[in-house]
Amino acid sequence: MVKSYRHPYIPNSDPEMKKIMLREIGIKKIDELYNDVPERFLLNRRLNLPNPVSEFKVKRHIESLLAKNRTCRDISIFLGAGCWPHYVPAVVENIVQRTELLTSYTPYQPEISQGMLQLLFEYQSMVCELTGMDVANSSLYGWASALGEAARMAMRLTGRQEILVPKIIHPERYATLETYIGPANMHARKVNYMKATGQLSLEDLEEKASSKTAAIYIENPSYLGFVETGGKEVAKIAHNNGALFIVGVNPISLGVLKPPRDYGADIVIGEGQPLGNHMNFGGPLLGVFACRGEMPMIRQMPGRIIGMTTTKSENRRGFCMVLQTREQHIRRQTATSNICTNESLCAAASAAYLALLGPKGLRELCEAIMLKSYYAMKRLSEIEGLRTPVFQTPHFQEFTVNFVNKRVRDVHEELLNNNVHGGKNISEEFHELGETALYCVTEIHSKTEIDFLADSLEKSLHRR
Amino acid sequence: MSDFRQAQWNEPILFELGHKGRRGYIVPEVEKPIKQEVGDVYTLLPEKMRRKSLPKLPELSEVEVVRHFTRLSQMNYSVDLGLYPLGSCTMKYNPRISDFLASLPSSTQLHPYQDEETVQGILELLHTLSKWLAEITGTKEVSLQPAAGAHGEFLGALIMRAFHELNDDLDKRTELIIPDSSHGTNPASATMAGFNTLVVPSDKTGCIDIDALQAAVSNRTAGLMLTNPNTLGIFEENIQEIAGIVHDAGGLLHYDGANLNAILGKVRPGDMGFDIVHINIHKTFGTPHGGGGPGAGPIGVSEQLEKFLPVPRIVNDGKSYRLDYERPHSVGKIRSFHGNVSVLLRAYAYILSLGAEGLKEAAEISVLNANYLVKKIRDLGAYELPYDAKRPRKHECVFSVKSLSKETGVRALNISKRLLDYGIHAPTTYFPSIVEEALMIEPTESFEKEELDRFVQALRIIAEEAKANPELILNAPQNTSVARLDEVKASHPRTMLLSWNAYVKRNV
Ligand SMILES: Cc1ncc(COP(=O)(O)O)c(C=O)c1O
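Quick mapping for you: the protein sequence lines, in order, are chains A and B.
Sequential numbering from 454 applies to the first sequence in the numbering used here.
Sequential numbering from 571 applies to the second sequence in the numbering used here.
Careful: at least some of the hints might be erroneous.
Below, in silico cross-link-like pairs of lysine-lysine (DSS-like), each with a Cα-Cα straight-line distance of 25 Å or less [to be verified]:
no. : chain 1 : residue 1 : chain 2 : residue 2
1   : A       : K859      : A       : K813
2   : A       : K689      : B       : K622
3   : A       : K521      : B       : K889
4   : A       : K685      : B       : K622
5   : B       : K622      : A       : K481
6   : A       : K765      : B       : K836
7   : B       : K946      : A       : K472
8   : A       : K765      : B       : K605
9   : A       : K813      : B       : K590
10  : A       : K472      : B       : K1019
11  : B       : K626      : A       : K813
12  : A       : K813      : B       : K618
13  : B       : K626      : A       : K620
14  : B       : K1019     : A       : K481
15  : A       : K510      : B       : K701
16  : A       : K831      : B       : K605
17  : B       : K945      : A       : K472
18  : B       : K889      : B       : K972
A few chain A residues facing chain B, derived, Cβ under 8 Å [claimed, not checked]:
no. : residue
19  : N504
20  : L707
21  : M761
22  : V775
It is worth saying that the hints were derived from the structure and are not from the lab.
None of these values were measured; they are calculated from a predicted model.
Even for Gly, the Cβ is constructed at its ideal location relative to N, Cα and C.
Produce the complete structure using the sequences and hints provided.
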């Protein structure tokens, strides 16, 4: 009588058990529990999906599907642009695979969720140490949405509706920004850069900044990999106009680069993926968000924040979510953001990663990255018909490569035939830069790989 | 029953651990010729941009790091430890095989900007998943990009904007209607997308008040956001009428997929008239919640809305899979790249494992389990089921402890805390707001009858305790890593501590 598909994930799918439970409820068939669904909406056919299969088959099927991919272990990949290849230590992988953390929900019941709460508090604290800011939240979806949220926060704080952004900005980040601010009648304006150095044009910025400006935003390192050196001056222009100064970072670079707070940042955002999270074809990401510690700012922050407190009897330390009156579940349509599920586990990975590296490890990692990327720039710049980096400015781990007489697309095809994946083609994004690609070199690239890249480029450009 | 004890490690904060000079990680080697060739990297950075002092991170050995986080993990309750009946959150089992597959280098080591030719496997997987999700939800096309349910809501509302804008109607259509029983993200997402929220009340049966909805719609209506079954676990049986009212007014319907688990393979949102459907992958498709995330919130849309989906779209041109950016009507980007891929991959494994039969079974058993609990908990006499108790619930049920609370002073919050003492996670409390002293219970299909019975027994004991010894409950929990925390102090500007640095400053 009781039809059933017994599945290992569904303990009560056994027909006998169903009968027992149905009897307790006082009905005969499970369908009776759906008898309030209008007949016409009940699906009277089987979903057009595969049949259930064994775990063995699931594994074989997905493994063979994924085997069609070529990963950065099969070929040398020199891509960055917002998602970066770094080594993820075994310890970090292991910690986030602990199912006590992995299979828990948002810590709504703090007393039984201290592990995750303390971890997130530690993450927030380390983000503060890196950026120099006072307060960090426990994650947003990614750098791009963090930018959208930061802009809206600046709008709420200043009552103004314009954000100035550098012309050299990741196009997907810019597009996301527009998506986030458009509905709030806020708009973004781009500020030009200096042709030789790529640096934000302070002159153009002065001209565009006004009493309408809610915030000025820069990225450091910039989308094209160079270090933006005018932070202090930008901060001054922002503050003289009563605007906030927002800085976007790749947090790894803060092992060698000045913390944004030291050059006047009010809000710091960024992409935490490189801190202990795999690339995963671009997701999940980890939106870093930190700001100054004044209450009016904190009250406008998006996202969850974890705080330290004590038990009511005050004899023990503990952690819980704080200032929830900013959030959607309490404040509903007047919440500072709609975010609920965030990227906590990625934040946990970052906490473990930073704990492993420590201050010296992070510094040494930055050094290793710069040594290798500078070496790559040096090797590549010896090739005729190629110019790198396009901008005469210090770089971190990414740099532009301009091809004088050849299309990036063609170079790319030839490299790929050689099992080398070149940088991101940015020729369409920045027409003024001509045929240009954005390359990324990190600590995972060996000298052999870099040399092979150089040789392959040489061949591609000078093939008879 | 109450001899549960959670681990209590008195674990210091990372910053209090370690010793100067210890290290937990050795950076990959840099070859000598590279060092010789490049020299001192610091001199490459302009003086004013160099970091002057090292960040104040702790200095720990690998051993200490592992021990610290292992101890922390032992002080965290999770689905793998037992029932996690958080209503609306669908805390079901997260299959190990899904995690295993998501950790394979053949997916973790892929860069989102790789040449399409080198990522055919993952593109095929994602493309197939989107087709499956379209079939499950009864929609035409699915975008996998949103990072969570709320992100999907935001995208849905943006698509409403784009739709009305194309009809030259956006200036007028400024209102998004939501029921008073809706989740907080619904109105918050409406605001993010530039709409005003118009709240319609529920009627005596806990469903949308049709007359109120009729009165609420107008030529200002952009759309309606609704979950069905609703947050009371009740199926909105007037859905056809609701859809008709909204569509006749020129609005669109967005389905909040938080409760999709109840109707997998039984009812499809698209068939009920929804134009936009978001899916909480981390709820319905068994991907781990990770202590708050990451999840994934794909959205499916009807044919007429497909052109508004974010770029790039994964398409198959007959020969291979491609990323299509040429979508002039697209709302653009809501994030970087293609979505939370490692989460989506787990969902693919989940659907593959269960198949059509298993998904339907999951829905049915989640509903069976919820109604079993309804019966058993009602029988205890101390907990009331407001809103038409005779009506079957779907995947969840919302009890009220109003009477018990009046009688004993023990509130829903206290009962939640006392449940922790029995080693069971608490239900969702005080949501939906239309139920006073609410305990919102969602067992999912993942827990066996014995575990459900244990939960009922705990509720029975707690009801007795409330009468005989309310202090016991008011002082709960005692068996968790920490006792009841002072959350007021935690959020008070004068006592608030949001970072280690703030703590150090406060305590000098
Ligand atoms: C009914 C309902 N809608 C929306 C959401 C938001 O989903 P997410 O947390 O994935 O953003 C939730 C989950 O918390 C929910 O329960």
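Practice item. Classify the hint on M761 of chain A as holds or violated, based on whether any CB of chain B lies nearer than 8 Å to its CB. Key: 4 Å, holds
Worksheet item: Does the interface hint hold: is L707 of chain A within less than 8 Å of chain B, judged Cβ to Cβ?
Response: Given a least distance of 7 Å, the restraint on L707 of chain A holds.
Tell me if the straight-line CA distance from K946 of chain B to K472 of chain A falls inside 25 Å.
16 Å, holds
For this session: With a cut-off of 25 Å on the C-alpha distance, tell me whether K689 of chain A and K622 of chain B pass.
Result: Given that 25 Å is the threshold and the Cα spacing comes to 21 Å, the pair holds.
### Message
Next item in the hint list is V775 of chain A. Is there a CB on chain B closer than 8 Å to its CB?
### Response
Hint on V775 of chain A: holds, closest Cβ of chain B at ~5 Å, below 8 Å.
For the pair we were handed, K813 of chain A and K590 of chain B, check the Cα-Cα distance against 25 Å. 10 Å, holds
Would the hint linking K765 of chain A and K605 of chain B be met if the CA-CA limit is 25 Å? With Cα atoms ~56 Å apart, K765 of chain A and K605 of chain B exceed 25 Å; violated.
What's the verdict on K510 of chain A and K701 of chain B, does the C-alpha distance respect the 25 Å limit or exceed it? 20 Å, holds
| query | When you check the alpha-carbon spacing of K685 of chain A and K622 of chain B, does it fall within 25 Å? | reply | 16 Å, holds
Original post:
Quick one, are K945 of chain B and K472 of chain A close enough, alpha carbons at most 25 Å?
Top reply: With Cα atoms ~15 Å apart, K945 of chain B and K472 of chain A stay inside 25 Å; holds.
Hinted pair, alpha-carbon criterion (25 Å max): K889 of chain B, K972 of chain B. Please report holds or violated. 62 Å, violated
* Within a Cα-Cα threshold of 25 Å, do K813 of chain A and K618 of chain B meet the stated pairing? -> 21 Å, holds
In summary, the structure is inconsistent with hints 1, 5, 6, 8, 13, 18 from the numbered list given earlier, while agreeing with the others.
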